[in-house]
Amino acid sequence: MKMIFRIAKTELRNLFFSPVAWFLTIAFMIQCGVYYTYPLYGLANWQDVIGRNNPAFKSFGISLTSALFLAQDGIFYNVLQNLYLFVPLLTMGLISREVNSGTIKLLYSSPIRTSEIVLGKYLAIMIYNLLLVSIVGVLMIAGFFNIYAADYGVLLSAALAFYLLVCTYTAIGLFMSSLTNYQIVSAIGSFIIIFVLSHISGLWQKYDIVRDLTYFLSISGRTVKMLKGLITTKDVIYFVMIVYMFVSFTLIKMKAGRESKPWWAQAARYTAVFASVLVIGYVSSRPSMIGYWDTTKGNTNTLHPNTQAVLKEMGKEPMEITLYTNLLGAGVNRGLPENRNDYLTALWEPYLRFKPDIKFNYVYYYDNDDRDSTLYRTWKGKSLAEIAAQTAEGQEVDVKKFLPPAAVRKMINLQPEGYRLVMQLKYKGKTTFLRTFDDAVFWPEEQQVAASLKRLLQDRMPKNLFLTGNLERSIYKNGEREYSGHTLAKEGRLALINLGFDSDSLCLDTQEIPADIATLVLADPKTAISAAGMEKLRRYIDNGGNMLIFGEPGKQQMLNPLLQQLGVQLMGGTLIEVSKDEMPHMVKPIATTATMHLSEDPALIVLREMQTEGKSMGLLMPGVTGITFSDSSAFRAAPLLTTVPGNVWLKAGTVVTDSTAPVFNPQDGDTRQPYYATAIALTRKINNKEQRIVISADADIMSNLRQGGGFLGRNLYAWMVNGAFPIYTPKPAPVDTKLTISATTASIEKYLFVWILPGLVLLTGTILLVRRKRQ
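For the sequence shown, counting from 1, position 478 maps to 489 in the working numbering; every step adds exactly one.
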């Protein structure tokens, strides 16, 4: 061991007695200084400018630790991107210099083992790598003082990623230096090996065996999780194994210079090392063998506790996930074999951390909805099999690997899913679908996954029944006034069906109202409810059933007989709010405190924060009236939406929207009061539970055109089930959102880190090299 340290000391001395190490150190310092101080100065300058002109400014609202260190213009991203340019120049002479100077023969003839020579030289490089880390560390310390509540955990994780990567690169350079006496050739060889290992993950991904091998060997993406603050044993062991492999290769190559063994014996040694790396890498990458450490301040890389609770409830029973990829369907590219590792890593790795016994299956097929002739009109004169063959040729895949329609239809009915890319989850004999979406994210997010997992655990999901028979809004129609978009639209990420709710319709005149439903929805009936239907509704309410009731101006008489039982009435007329942007019947009431506490939806949390700052948010209601409530009712009422005080008045009669703005006229029956409630929540204790009813004087707010009411719509349904669904999985808001320094201080730091410190190192190196030369 002493000899290893002695060789390392000698190698470090040689390293710093040459200009290469000094040049690389200075270049690295300047690079780090530029990528830290320039963005820092820009942010500090903006903070000063905004602070002077906007006293209400509190923060940038984003993690400045990530912005300065981990973003695409931050230190770590750029340093890691350019690291391959430094390492080959540093390592190209480690072994070849000894050969060219003849000192290798002295080393071979001395009582020093070959392993001590190799390990000593590599230890020297590891120590130099620590110098590079310390340069970044100085800037990390500066960031700790420059950023309010900096997330130091993610910085330490990123520093570890940097050190492991540079040690891997130097191990490659050490091996290449042992292969040739020419330093330039060694440097070029290191460039090539690093390039190959960085891009090998994109090669031959269509073939299962090759895909797994190239994915394991690839360096690309290995630091991504650590740069985000998530350290995994799989990634750490990967770097250690690659270092072990190339250092061992170097040892084998140098031993070959001292031994006389046949080529096959040497090849066996290389093969044994490579095989051991593959075996250890395979074992360490098994989900059950991977350890995780989320170093971020808010555990942002870890599943939300709500999702963890669902996975814990599943216990040790295995779960199967089958990905169905339709060659002719939407999302086919994401499901092809060459993208399988991305699918597993991007979507499922966070869940494998808590449930490693998930089995993944893959089914490839081609099919088309029999009712849809679009394909046949596009590919005129061709059969479905011929269309599939042509598509497979364009995708460069073998059509024989895709099941024909007859075969896949015997296996499963995918017609209700639109034959798009979809996953089927199976657990204890129960199955459910997990869908993909045509948006920028594509894959289901944690909220949708948690809802699907919950479907496998529960015998029943909360069901919302939408009344029909009186021309109410329909959950089956796609028109702009209807309600399909936020209920049954499988392609909608935030539709109720993808958040854990079931939805169906019920005709009051022919069906009884079940007692075990979550919510009964009465949305804008256009004809009077029959006496029998009214009796069923009254009985349902008397028994403590939850309801959502949506009305419209001009049809108050359809709902007021029912609402009278609740002590509520829709006021006659239409509310008017004259503004320069909207038609007069477009009213923007404000969300109240009661609305902000309907659930733990992230949007409502933002509203609460806005409220503490004296801000509010208006929601557009296109045609709405006011709601009155009787204090003598058995219910307790809480307004959910109220108009801006003094801005709104109630117009009697018909409102003309395509003419000049209406004028308040008491003679015509117009009335004005300080504010109007446009949506209210009713609660009471009955049958050992809290009954909840919401009445809205506008039904259009929940329409397809209005995106189902947005966050308000979702949270009305959530409130009805006491927050059981949706399963909210919000990430904690960053706290490192402002700087503690001014632009002047940032400017000083820019000169310090880009010019002064590198200049001092340059001066030190020059003096040392000149003195060395004189000696």
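Derived by calculation from the structure, the hints in this document are not laboratory data. A virtual CB, placed ideally from N, CA and C, is assigned to each residue, including glycine. Check before you lean on any hint, since a few could be wrong.
Pair by pair, the computed Cβ-Cβ distance ranges are [stated by the list, open to error]: (1) Q678 with M621: 39 to 45 Å; (2) F453 with R124: 52 to 58 Å; (3) S209 with Q406: 22 to 28 Å; (4) Q678 with E624: 41 to 47 Å.
Below 30 Å or equal to it, Euclidean Cα-Cα: the simulated DSSO-like pairs (lysine-lysine) are [stated by the list, open to error]: (5) K327 with K437; (6) K236 with K13; (7) K264 with K245; (8) K327 with K245; (9) K266 with K20; (10) K474 with K501; (11) K236 with K370; (12) K370 with K266; (13) K441 with K366; (14) K391 with K441; (15) K742 with K474.
*Which earlier hints turn out false for this structure, listed by number in ascending order?*
6, 12 and 14
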